[in-house]
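A.B. asks: Last residue of the sequence shown: 268 (our numbering), numbering continuous.
The set of hints was computed from the structure by calculation and includes no laboratory data.
Glycine included, each C-beta is placed from N, C-alpha and C at the ideal position.
Where hints are given, some of them may not hold.
Listed next, the in silico PhoX-like pairs over lysine-lysine satisfying Cα-Cα at most 20 Å (straight line) [said to hold, decoys possible]:
| # | residue 1 | residue 2 |
| --- | --- | --- |
| 1 | Lys-92 | Lys-21 |
| 2 | Lys-106 | Lys-203 |
| 3 | Lys-217 | Lys-127 |
| 4 | Lys-106 | Lys-17 |
| 5 | Lys-93 | Lys-140 |
| 6 | Lys-106 | Lys-243 |
| 7 | Lys-217 | Lys-106 |
| 8 | Lys-21 | Lys-85 |
| 9 | Lys-140 | Lys-106 |
| 10 | Lys-243 | Lys-203 |
| 11 | Lys-127 | Lys-165 |
| 12 | Lys-12 | Lys-93 |
| 13 | Lys-127 | Lys-106 |
| 14 | Lys-17 | Lys-35 |
| 15 | Lys-243 | Lys-35 |
| 16 | Lys-93 | Lys-21 |
| 17 | Lys-35 | Lys-21 |
| 18 | Lys-92 | Lys-17 |
| 19 | Lys-256 | Lys-165 |
Beta-carbon label-pair distances, calculated as ranges [unchecked claim]:
| # | residue 1 | residue 2 | range |
| --- | --- | --- | --- |
| 20 | His-214 | Tyr-192 | 34 to 40 Å |
| 21 | Pro-253 | Ile-195 | 29 to 35 Å |
| 22 | His-204 | Thr-226 | 27 to 33 Å |
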Amino acid sequence: MRFAILSRDDNKSEVIKARMKQYLNDFSLEYDEEKPELVISVGGDGTFLEAFHTYRHRLQDTAFIGVHTGHLGFYADWVPEEVEKLIIEIAKKPFEVVEYPLLDVKIHPIGDESYTSFLALNEVSVKCADGTVAMDVHIKGAHFERFRGDGLCVSTPSGSTAYNKALGGAILHPSLNALQITEMASINNRVYRTIGSPLILPKHHICELLPIYHNRKFMITVDHRTEEYDNIDRIECRVSDEKIRFARFRAFPFWKRVHDSFISDETT
1 MRFAILSRDD NKSEVIKARM KQYLNDFSLE YDEEKPELVI SVGGDGTFLE
51 AFHTYRHRLQ DTAFIGVHTG HLGFYADWVP EEVEKLIIEI AKKPFEVVEY
101 PLLDVKIHPI GDESYTSFLA LNEVSVKCAD GTVAMDVHIK GAHFERFRGD
151 GLCVSTPSGS TAYNKALGGA ILHPSLNALQ ITEMASINNR VYRTIGSPLI
201 LPKHHICELL PIYHNRKFMI TVDHRTEEYD NIDRIECRVS DEKIRFARFR
251 AFPFWKRVHD SFISDETT
């Protein structure tokens, strides 16, 4: 089996990366950064997102697994104390594949049929570089609302525990083929009105965000990468036909992952 390892730029992660690479090579596995069948992320959730975007062109042929070297990471099944066990599992045992939905994002400029396309594992967020976000929200081609506020976040089910959760969105089980739209500090008064609640859309419902004022500059963040855009006609979000493949060597139920990440068992 071919494998690659991406690590966070710190000493602890680099040491674990070197150790895993050496041991897996000793087990006759091939280190291949071009066409890996398994990508191992060593670091935090940011490192895992970087691994996903590095190999997003190989989603059908590559599975991902994470080792967390800091506080508990949501995408990391393993901790440094378990590295030797993980090495043996990878070398000796076929892994189970678990697939999670992704978000397909297309940014369409005004007067141009071309567009910029992204895949998001967590979310896309839209903010204004110089003031309030003002956008019409369309669902399945029909106008739903006119939003004014700090911004909008469209997340995947696995990303629902990230920025979406901080905004008060719902946590969705990643087996659901859905996306979620969550508001950031919407303006609601006698003049302006939005739904004020997160919206969960199924796979066949497309969400479009259309700027009201086309002279505004927008800060668009896809997972951990932010770019500035202007001259936007619309931002189209849908559940992608592609999925990320996670390598599982042991059961790690989603709700246990949520519990371990956000809830303490300590009582007072």
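A.B. asks: Can the restraint linking Lys-106 and Lys-203 be considered satisfied, given a maximum Cα separation of 20 Å?
C.D. replies: Satisfied, since the Cα-Cα distance of roughly 16 Å is no more than 20 Å.
A.B. asks: CA of Lys-217 to CA of Lys-106, is that 20 Å or under?
C.D. replies: Holds, at roughly 17 Å.
A.B. asks: Going straight from one Cα to the other, do Lys-217 and Lys-127 come out at no more than 20 Å?
C.D. replies: Distance of about 9 Å is within 20 Å: holds.
A.B. asks: Straight-line Cα separation of Lys-127 and Lys-106 no greater than 20 Å?
C.D. replies: Distance of about 16 Å is within 20 Å: holds.
A.B. asks: Lys-92 and Lys-21: Cα distance at most 20 Å?
C.D. replies: The given pair, whose Cα atoms are some 15 Å apart, holds under the 20 Å limit.
A.B. asks: Assess, step by step, whether the Cα of Lys-92 is no farther than 20 Å from the Cα of Lys-17, and give holds or violated.
C.D. replies: holds, 19 Å
A.B. asks: Assess, step by step, whether the Cα of Lys-93 is no farther than 20 Å from the Cα of Lys-21, and give holds or violated.
C.D. replies: This hinted pair holds, its Cα atoms lying about 17 Å apart.
A.B. asks: Measure nothing beyond the straight line between the CA atoms of Lys-17 and Lys-35; if it is 20 Å or shorter, mark the hint as holding.
C.D. replies: holds, 18 Å
A.B. asks: Next pair to validate is Lys-243 with Lys-35; report whether the Cα-Cα distance is within 20 Å.
C.D. replies: Given that 20 Å is the threshold and the Cα spacing comes to 18 Å, the pair holds.
A.B. asks: Holds or violated: are the alpha carbons of Lys-243 and Lys-203 at most 20 Å from each other?
C.D. replies: OK: Lys-243 and Lys-203 at ~13 Å, within 20 Å.
A.B. asks: For the pair supplied as a hint, Lys-93 and Lys-140, is the alpha-carbon distance within the 20 Å limit?
C.D. replies: violated, 44 Å
A.B. asks: Given the hint that Lys-256 pairs with Lys-165, does the C-alpha gap stay at or below 20 Å?
C.D. replies: OK: Lys-256 and Lys-165 at ~17 Å, within 20 Å.
Hint violations for this structure: numbers 4, 5, 12 and 20, all remaining hints satisfied.
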